[in-house]
Amino acid sequence: MNGVHDMGGMHGMGPIQEEKDEPVFHERWEARAYGLSLAMGCFGKWTLDGLRHQIELIPPADYLRMRYYEKWIAALVELMVKTDLVTPAEIETGEPAQGSPRMSPALTADGVPPMVANGAPASRKVPAPPRFQTGQRVRARNMHPLGHTRLPRYARGKLGTIDRVHGAFVFPDTNAHSLGENPQHVYSVRFTARELWGQDAPARDSVYVDMWEPYLEPA
Amino acid sequence: MTSDLSHAYEHDHKHKHEHQAVPSDPALRVKALESLLVEKGLVDRAALDALIDTYEHKIGPRNGARVIARAWVDPAYKQRLLTDTDAAIAELGYGGMQGEHMLVVENTPKVHNLIVCTLCSCYPWSVLGLPPVWYKSAPYRSRSVIDPRGVLREFGLELPEHVEVRVWDSTADVRYLVLPERPAGTERLSEEQLAALVTRDSMVGVAKIAPPGQEQHP
Chain L
55 MNGVHDMGGM HGMGPIQEEK DEPVFHERWE ARAYGLSLAM GCFGKWTLDG
105 LRHQIELIPP ADYLRMRYYE KWIAALVELM VKTDLVTPAE IETGEPAQGS
155 PRMSPALTAD GVPPMVANGA PASRKVPAPP RFQTGQRVRA RNMHPLGHTR
205 LPRYARGKLG TIDRVHGAFV FPDTNAHSLG ENPQHVYSVR FTARELWGQD
255 APARDSVYVD MWEPYLEPA
Chain F
46 MTSDLSHAYE HDHKHKHEHQ AVPSDPALRV KALESLLVEK GLVDRAALDA
96 LIDTYEHKIG PRNGARVIAR AWVDPAYKQR LLTDTDAAIA ELGYGGMQGE
146 HMLVVENTPK VHNLIVCTLC SCYPWSVLGL PPVWYKSAPY RSRSVIDPRG
196 VLREFGLELP EHVEVRVWDS TADVRYLVLP ERPAGTERLS EEQLAALVTR
246 DSMVGVAKIA PPGQEQHP
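The listed protein sequences derive, respectively, from chains L and F.
Numbering of the first sequence is given in the numbering used here, commencing with residue 55 and proceeding in unit increments.
Numbering of the second sequence is given in the numbering used here, commencing with residue 46 and proceeding in unit increments.
Heads up, a few of these hints could be off.
What follows is a set of in silico ranges between Cβ atoms, one per label pair, in the way DEER data are often shown [as the list claims (entries may be wrong)]:
| # | chain 1 | residue 1 | chain 2 | residue 2 | range |
| --- | --- | --- | --- | --- | --- |
| 1 | L | 178 | F | 72 | 39 to 45 Å |
| 2 | L | 175 | F | 259 | 38 to 44 Å |
| 3 | L | 119 | F | 198 | 39 to 45 Å |
| 4 | L | 77 | F | 237 | 23 to 29 Å |
| 5 | L | 258 | F | 241 | 31 to 37 Å |
| 6 | F | 98 | L | 142 | 28 to 34 Å |
| 7 | L | 141 | F | 102 | 35 to 41 Å |
| 8 | F | 72 | L | 99 | 35 to 41 Å |
| 9 | L | 231 | F | 230 | 50 to 56 Å |
| 10 | L | 143 | F | 72 | 33 to 39 Å |
| 11 | L | 116 | F | 259 | 23 to 29 Å |
The list that follows gives simulated cross-link-like pairs (lysine-lysine, BS3-like), each with its CA atoms no further than 30 Å apart [unchecked claim]:
| # | chain 1 | residue 1 | chain 2 | residue 2 |
| --- | --- | --- | --- | --- |
| 12 | F | 76 | L | 99 |
| 13 | F | 123 | L | 136 |
| 14 | L | 74 | F | 181 |
| 15 | F | 181 | F | 155 |
| 16 | F | 76 | F | 123 |
| 17 | L | 179 | L | 212 |
| 18 | L | 74 | F | 85 |
Just so you know, these hints were derived from the structure itself, not from any lab.
Beta carbons: idealized from backbone N, C-alpha and C, even for Gly.
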């Protein structure tokens with residue numbers, strides 16, 4: 055979707071605000087929100103791509119105003135309601151619905167070290183060889199799907215060069231919508247700054263964008 | 046749906062507090078949510094504590110700094126780091142969540158690399174921990190790709206025109222780490238002393254590493 059989250063190349067967002075000796079979490083609620091999001095994700099009711107998409111669905115004005123972990127919590131509540139882990143009434147009252155069965159946590163403390171150490175690799179084996187080779191010229195498709203995509207707007211329709219073939223990975227455009235992992239080859243594609251931003255851009259500079267094969271066509 | 050539900054919840058919350066003209070307090074919302082989920086048996090508080098402790102105290106930029114220092118002192122390791130990155134990082138015991146597929150990009154006198162995620166906040170947790178607020182912010186995400194030199198200038202780094210800037214937008218599952226240039230005057234330092242010089246910002250690419258004894262960014 056052409057959301058405000060896709061902000062590469064936008065102007066007017068103001069100066070970058072660095073903070074010296076920044077803590078990992080500024081307030082305890084941020085830490086708890088972080089933990090809640092990861093712990094609830096362990097039920098496997100949604101994917102990380104699905105969580106990203108849910109954050110993208112936050113209305114633009116709210117998206118820009120909200121603190122980072124506020125967005126996580128807003129998306130988490132939506133996903134929990136959609137997947138019947140909680141009801142809207144429970145969210146509103148803060149109390150479990152009368153007579154609702156007691157569940158078991160998907161993540162317990164002893165599950166944390168293996169979860170952190172192993173991660174969740176998104177690489178997959180696919181039978182088809184990569185369609186593109188290193189050094190090949192490609193064009194990013196001019197497409198504007200309404201759902202989740204990881205093809206940023208600033209690269210659409212632009213000419214680039216395959217810099218590296220990464221291997222095959224779960225395809226977010228389907229996985230975010232629970233339409234299957236549908237793994238596809240992923241490439242690092244080099245775009246010159248001038249191709250992306252015009253002739254005033256520095257001649258030597260470039261942007262490398264990781265792209266799934268369906269985002270690309272031969273040039 | 047997001048707005049409906051959160052507005053309903055905010056409305057409810059405000060109502061209880063006599064129409065205060067303040068936005069609903071995320072601290073109260075998160076506390077209420079955690080209590081609800083614990084009561085329903087969906088969340089184990091000890092698991093949250095363990096997760097938080099891991100990223101507050103165990104996994105952070107010191108991991109990445111050790112990788113960089115090793116690459117500086119051991120040319121064979123550096124070669125493995127650049128060509129078989131995941132295995133090389135695993136040699137030092139790092140890897141896992143949000144670092145499953147890593148690439149290291151090397152800064153040289155001719156090339157400067159910068160890492161960003163324009164679409165959200167992808168960041169190599171396994172070697173840098175959780176990202177700082179500025180990395181996740183609209184100003185950094187919007188401008189890093191269109192005006193990387195301007196962004197670097199805001200961080201106090203002015204690059205000469207002849208240096209090639211390469212911006213890496215983390216749009217897929219690969220997470221990037223910059224191998225910064227080893228500063229002059231560090232020939233006699235031990236690997237451990239070198240690691241202490243390596244900053245988080247240098248591994249994202251928004252700073253260079255100052256020679257020992259000079260003021261630098263975090």
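Right, here's what the structure says about each hint:
{"no.": "1", "hint": "L:178 x F:72: 39 to 45 Å", "result": "holds, 40 Å"}
{"no.": "2", "hint": "L:175 x F:259: 38 to 44 Å", "result": "holds, 40 Å"}
{"no.": "3", "hint": "L:119 x F:198: 39 to 45 Å", "result": "violated, 27 Å"}
{"no.": "4", "hint": "L:77 x F:237: 23 to 29 Å", "result": "holds, 25 Å"}
{"no.": "5", "hint": "L:258 x F:241: 31 to 37 Å", "result": "holds, 33 Å"}
{"no.": "6", "hint": "F:98 x L:142: 28 to 34 Å", "result": "holds, 33 Å"}
{"no.": "7", "hint": "L:141 x F:102: 35 to 41 Å", "result": "holds, 36 Å"}
{"no.": "8", "hint": "F:72 x L:99: 35 to 41 Å", "result": "violated, 26 Å"}
{"no.": "9", "hint": "L:231 x F:230: 50 to 56 Å", "result": "holds, 54 Å"}
{"no.": "10", "hint": "L:143 x F:72: 33 to 39 Å", "result": "violated, 23 Å"}
{"no.": "11", "hint": "L:116 x F:259: 23 to 29 Å", "result": "violated, 43 Å"}
{"no.": "12", "hint": "F:76 x L:99", "result": "holds, 23 Å"}
{"no.": "13", "hint": "F:123 x L:136", "result": "violated, 47 Å"}
{"no.": "14", "hint": "L:74 x F:181", "result": "holds, 16 Å"}
{"no.": "15", "hint": "F:181 x F:155", "result": "holds, 28 Å"}
{"no.": "16", "hint": "F:76 x F:123", "result": "violated, 46 Å"}
{"no.": "17", "hint": "L:179 x L:212", "result": "holds, 29 Å"}
{"no.": "18", "hint": "L:74 x F:85", "result": "violated, 40 Å"}
Violation of the numbered hints given earlier is confined to hints 3, 8, 10, 11, 13, 16, 18; the remaining hints are satisfied by the structure.
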